[in-house]
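First to last, the sequence lines map onto chains A and B. Sequential numbering of the first sequence, starting at 1, is according to the working numbering. Sequential numbering of the second sequence, starting at 617, is according to the working numbering.
Please keep in mind that the hints were generated in silico from the structure rather than gathered at the bench. There is no bait here: all hints are sound.
Heads up, incomplete: computed chain B residues facing chain A, CB under 7 Å, no partners named:
1. I628
2. Y629
3. R746
4. G750
5. S751
6. W777
7. T799
8. G858
Idealized CB from N, CA, C, for every residue including glycine.
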Amino acid sequence: MPLVVVGHVDHGKSTLVGRLLSDTGSLQDGRLEKVRRICEEQRKPFEYAFLLDALEAEQLQGVTIDVTEARFHWRGRDYIIIDAPGHKEFMKNMITGAAHADAALLVIDAREGVQEQSRRHAYLLSFLGVRYVAVIVSKMDLAAYAEDAFVRIRDEYEAFLASLGIRPAAFIPISAKDGENITERSRRVAWYRGPSVLELLEHVPVPERETSAALRIPIQDVYKFDDRRILAGRIESGRVGAGDEVQVWPAGHRARVRSLESWPETSHPVAAAETKATVGLTLDYPLFVQRGDVLAKPDLPPRTSNFLAANVFWIGHVPLTLGRTYRLKLATLERDAEVFSITRVISAVSLTVEHGKTGIGQNEAGEVVLRSARPFVFDVAADVPTTGRFVVLDGYDIAGGGVIQNAEELYRRPYRHGLPKSANISPVSEALTPVDRALLFGHKSHVVWLTGAPGAGKTTVARYLERRLFDQHIKTFVIDGEGLRFGLSADLGFTERERAEQTRRAAEVARLFQLAGLVVIVGVVSPFDDDREYARTLVGEQDFTLVHLHAPTEVLKERDPHGLYSRVDQGDAVAVPGLNSPYEPPPHPDLAFDTSATSVGPIVDQILERVVQRIS
Amino acid sequence: MDGLSLLEQQSIYILREAYSKLERLAMLWSMGKDSTVLLWLTRKAFFGHVPYPLIHIDTSYKIPEMIAYRDRLARELGFELIIGQNTTALAEGMNHTKGRLVCCTALKTDALQQVIDQYHFSGIVVGIRRDEEGSRAKERFFSQRGRNSEWDVVDQPPEFWDQYRTEFPPGEHVRIHPLLQWTEVDVWQYIEREQIPVMDLYFAKDGKRYRSLGCAPCTSPCQSSAQTVSEIIAELLATKAGERSGRAQDQEHTHAMEKLRLKGYM
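Between the sequences and the hints, there should be enough to build the whole structure, so can you do that?
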């Protein structure tokens, strides 16, 4: 059980750890004598802290500089105790220690009370996901073992911890110097009814390893030492066995696991491996795989996106700066990413939130969006913690850590027309969910996308469908291509590029109405398949119906609703898709109708049948 | 997964990270129990192969059995062995009577530095552990060293979520410590579990055995009757004597190890 001791500088963390090691009989011969000798040389009273603060600089200054780990055994249980420095300057060392702890002891000096680092360290514990926390009120001997000093600290700190979502398992008054409440319950604090420190430790629950069902193997390396081509990586989540089908992300190619290689060779080949195992796999198909790729099973794939939304804690000397590019390390993946937006900056001490900042300073936290030219493969930390976090490098050094947040709007956005040009924009989390809206409206949202050459009947079908839906009390709205050109698309003409842009805008608007919970009917020419597929991925496969309306050219010319065909005939330079400019008929429409052969009633019946099925 | 397996898997992960990220990698090999476990873990990590050279720093004062064992194993396993020796210092008569810290620095630290310079190594795998002594307890898995191998102990880079510092300015190198989290007992329990052959010097003869191996003049055996690995484990679980109590250089000064290590000692 790794256990970290944190808190403000000089509040007695190392002394507590030294005392624990001493009282549990975990010190080797001569260690206490050596410390006694050092203290005599320095003309100081005996310091338990020197058992941990072994560096000369630490002993001269009486302050812990770097993190130390010591192991001790107590009543049938092994503990790794991590002594972290409390000085603000050594925050990076504190994180180094606390990041792999399962539980934490927050130490507060009975006289000084809650200080800056008491708060910041608590914030970091919650950031790092250390869930089991107990508070140690130290140096009670210097506060005459008085209950009111203890109660004052408990009341103040409990409220602060609650705002971080931390509910401490206990508040324990101790004196490490006198050995009160370390092993046995102290008689000098008769007013205290709770456990001693070691009694508490005996009851710290072993945290359940969050073993998600999702298989994740970030590839470390590909070995070809002999005739085998071995993919090496550690299972960060899930388990894998010979014969399993896997996908390699971000490419998404599939293959089956042929074998799990191992050394020394045994008579029984390894059949399967679990989380935390470092494996070497061979596949049944020679896929191109490289370091940074992620192996997953097809049922629960990781996310891929050019964007990451994350909570970041910054320890770099130079602030994290909006617009700057940093190197990110996410499991074995490395990517350069730009700080695209800083949504908010949070003070880890006061928890106050500021918006509109252009940087995150040292020892501050914030929510950011990062973007990269090539996609990240990742998970939301709440789903798979080990592939849901990353570190940020500034130069050669790790300058920050990030925990990936859920930002559905950001991640599903495909990579079609490049990245947004505006800097410092951020996804806004929704308070109301699609489920809330569906419950109120009595139906889910949907997008019916009508594509076809001018005159194919998009507007007619759209209006008819709208009325039928409306009569059934379904919330609906038509987005008409022609209508957009009077407003949102007033700057667009009819070149191919402009028609593509018109389609993109129609898709984005449809997405907004869809989010509002409506059944959206879009009628735009949308001549290019790529643009229509963009709309499909933006809206989501399940919520999208692509309808192709078509008719013979003679019929279109006859209908000529906007006079386009006759203008071409008169020799005007106007581009009409399907006539004198490209129109790509959709290769796989969900529905397709020849509007010269079928009348609007039966067409709408068929569309309606499909839509009603999807939204109920 | 039990504690020993977790340690093993973590060490293998670290070795693979080092091999993947560092262009010129080598491993220090002293033939002791920790080095032996490291070599075993290397072969596990790379499926029977040893994909980087092993370096032995030969002070010329090593216990003779160690050298015989070294040459035999190198022959049997066929890995690349680099022997580093500070011949200049030896020619000038360097030995422990000139001061143990002076001698260690010349024959070990400087000899290693010469090898690093000669072969342009950017990473050296070393089998140190936190529980050996105070300054090692403060180490990182990937521990940066300056141009002259100096260790900036008061300003070490952060290291968390298994992300290590593997990039650094040219001329500097990094020490990789895959066994950092292991204890002496872990090492022996692993040797027992995996049935790894170790040198005879560790087993008691005439009531004495070596607990830690070094140079003959500065290493003394401890009282022991342990003749098998499991007897060694039982003995370690009962004793409170320090592992390195038989190593004279540790006792030279209050901060002897720290002083040696700041200059690049392993």
